[in-house]
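S.K.: Protein chains in written order, with the working numbering: chain L, 33 to 250; chain F, 33 to 250.
None of these hints come from the bench; they were simulated from the model.
Only a predicted model underlies this, so the values are computations on that prediction, with no experimental measurement involved.
Quick reminder that beta carbons are idealized off the backbone N, C-alpha and C, glycines included.
It cannot be assumed that every hint is accurate.
To be verified - Quick list of the computed label-pair ranges, beta carbon to beta carbon: (1) Ala192/F <-> Gly55/L: 53 to 61 angstroms; (2) Thr239/F <-> Ala192/L: 23 to 31 angstroms; (3) Ala240/L <-> Asp216/F: 37 to 45 angstroms; (4) Ala192/F <-> Ala72/L: 45 to 53 angstroms; (5) Asp216/F <-> Arg63/L: 24 to 32 angstroms; (6) Glu203/F <-> Glu107/L: 49 to 57 angstroms; (7) Arg153/F <-> Arg248/L: 32 to 40 angstroms; (8) Ala208/L <-> Gly55/F: 25 to 33 angstroms.
Protein chains: 2
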Amino acid sequence: MRVGIIGTGMVGQTLGSKLVSLGHQVTLGSRSKDNEKGLAWAEEAGPDGHTGTFAEAAAFGEVVLNATGGTVSLEALRAAGAENLDGKLLIDISNPLVFGPDGQVSLDPVNTDSVGERIQREFPGARVVKTLNTVNRELMVAPEKLAGEHNLFVAGNDEAAKAETVALLGEFGWPAEWIIDLGDIAGARATEMMMPFWLRVMGSLGTAEFNYRIQRAG
Amino acid sequence: MRVGIIGTGMVGQTLGSKLVSLGHQVTLGSRSKDNEKGLAWAEEAGPDGHTGTFAEAAAFGEVVLNATGGTVSLEALRAAGAENLDGKLLIDISNPLVFGPDGQVSLDPVNTDSVGERIQREFPGARVVKTLNTVNRELMVAPEKLAGEHNLFVAGNDEAAKAETVALLGEFGWPAEWIIDLGDIAGARATEMMMPFWLRVMGSLGTAEFNYRIQRAG
Numbered sequence: 033m034r035v036g037i038i039g040t041g042m043v044g045q046t047l048g049s050k051l052v053s054l055g056h057q058v059t060l061g062s063r064s065k066d067n068e069k070g071l072a073w074a075e076e077a078g079p080d081g082h083t084g085t086f087a088e089a090a091a092f093g094e095v096v097l098n099a100t101g102g103t104v105s106l107e108a109l110r111a112a113g114a115e116n117l118d119g120k121l122l123i124d125i126s127n128p129l130v131f132g133p134d135g136q137v138s139l140d141p142v143n144t145d146s147v148g149e150r151i152q153r154e155f156p157g158a159r160v161v162k163t164l165n166t167v168n169r170e171l172m173v174a175p176e177k178l179a180g181e182h183n184l185f186v187a188g189n190d191e192a193a194k195a196e197t198v199a200l201l202g203e204f205g206w207p208a209e210w211i212i213d214l215g216d217i218a219g220a221r222a223t224e225m226m227m228p229f230w231l232r233v234m235g236s237l238g239t240a241e242f243n244y245r246i247q248r249a250g
Numbered sequence: 033m034r035v036g037i038i039g040t041g042m043v044g045q046t047l048g049s050k051l052v053s054l055g056h057q058v059t060l061g062s063r064s065k066d067n068e069k070g071l072a073w074a075e076e077a078g079p080d081g082h083t084g085t086f087a088e089a090a091a092f093g094e095v096v097l098n099a100t101g102g103t104v105s106l107e108a109l110r111a112a113g114a115e116n117l118d119g120k121l122l123i124d125i126s127n128p129l130v131f132g133p134d135g136q137v138s139l140d141p142v143n144t145d146s147v148g149e150r151i152q153r154e155f156p157g158a159r160v161v162k163t164l165n166t167v168n169r170e171l172m173v174a175p176e177k178l179a180g181e182h183n184l185f186v187a188g189n190d191e192a193a194k195a196e197t198v199a200l201l202g203e204f205g206w207p208a209e210w211i212i213d214l215g216d217i218a219g220a221r222a223t224e225m226m227m228p229f230w231l232r233v234m235g236s237l238g239t240a241e242f243n244y245r246i247q248r249a250g
């Protein structure tokens, strides 16, 4: 499968490398063609790893992953171009973190809106699924680092898109039964709003290597 | 121990009944002395269960629990009176849920503030600890309903107050090692912001009988 990744940061690189290792073709997209991080990644990734502009990455992908920071995602996807997203599964991994001068972290948007919803509204032709934004980048592609069951969440308006996402997550190592469907894309609000909690738990445990498990009766 | 509970709703009643069953004396406080829910609860609770105004409940308690809805908590605590809260452990269980006309739920305050922080700011003499607001009322006092470990969280500025809270939660059945300290009272922001996620998970599972477990490596 051909996958376009919007964003050449650590999340984009980690997902890109995993996808290449699984036999997929990947183009990592950035603002400019000669982005150093993108070029370095592509060189290391080998023949199945490419780099290009946001638009080239989106055009390349049968599936597109948004791995930019949530506060700049819309701008990056506008540069990617609606025509390169139409009809495609667009997996949104972003969290709209705003780092305040006092060290406090907040979200924008929040509460009555989310990045996932904004993307779906602005690109109605894309089939947006929010997922993976509740774990650190290493766990995204290596859930076996934690013993036993732990959970991921998907939210989106298109049932087929969510099923395709669950299948892709399966390739990353996430059993389908570990993935909880939170309903429509407004569920993106719910998972983006977990970020302040995630940061506090990380601070308390002293590690980012943890995840949520939904413990049920029986 | 004498416990004052601010609020005669289902959460206040559940906590009050559990405390009475553990041998504590409880006064459930409401806006007016002749609150029907409070009177009915006190009659059922027996000689250790009392009812009164917010101020009477707060004055009665060596420990005070805020079991009102988060959007009316400050008003209720003002009626309880700062002089009745000074120096006391004040456990805040509230979530500031706002139910929109479209059925969407949002929070107020959110993101850059929280009910827990507002209470601590307005009542600097109280030793505020945020906890229990991440589980439904039945699990609050019966964690054994779920198999295996699952977690609660505490946030507050006063270390001794958090230790007293952990001890009280222990009486409810929560082992100390299941309780994760999220730091100062600004951690209330983190747990209050989990509520949209909690509601989505409840919708997906079809039950409120679940909780978060923080799954770690090893």
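S.K.: Does each hint fit the structure? Answer for all of them.
M.R.: Verification of the hints:
For the pair Ala192/F and Gly55/L, the supplied restraint of 53 to 61 angstroms holds, since their beta-carbon distance comes to about 57 angstroms. For Thr239/F and Ala192/L, the hinted distance range of 23 to 31 angstroms is satisfied, since their beta carbons lie about 27 angstroms from each other. Take Ala240/L and Asp216/F: their Cβ atoms lie about 21 angstroms apart, and the range 37 to 45 angstroms is violated. Evaluation of the 45 to 53 angstroms hint for Ala192/F and Ala72/L yields a pass: the beta carbon distance comes to about 52 angstroms.
At roughly 38 angstroms, the beta-carbon separation of Asp216/F and Arg63/L lies outside the given 24 to 32 angstroms, and the hint is violated. Look at Glu203/F against Glu107/L: about 53 angstroms separates their beta carbons, and that is inside 49 to 57 angstroms. Remark: the range hint 32 to 40 angstroms for Arg153/F to Arg248/L is upheld by a beta-carbon distance near 37 angstroms. At roughly 48 angstroms, the beta carbons of Ala208/L and Gly55/F sit outside the given window of 25 to 33 angstroms.
In terms of the numbered hints stated before, the structure departs from hints 3, 5, 8, listed from lowest to highest.
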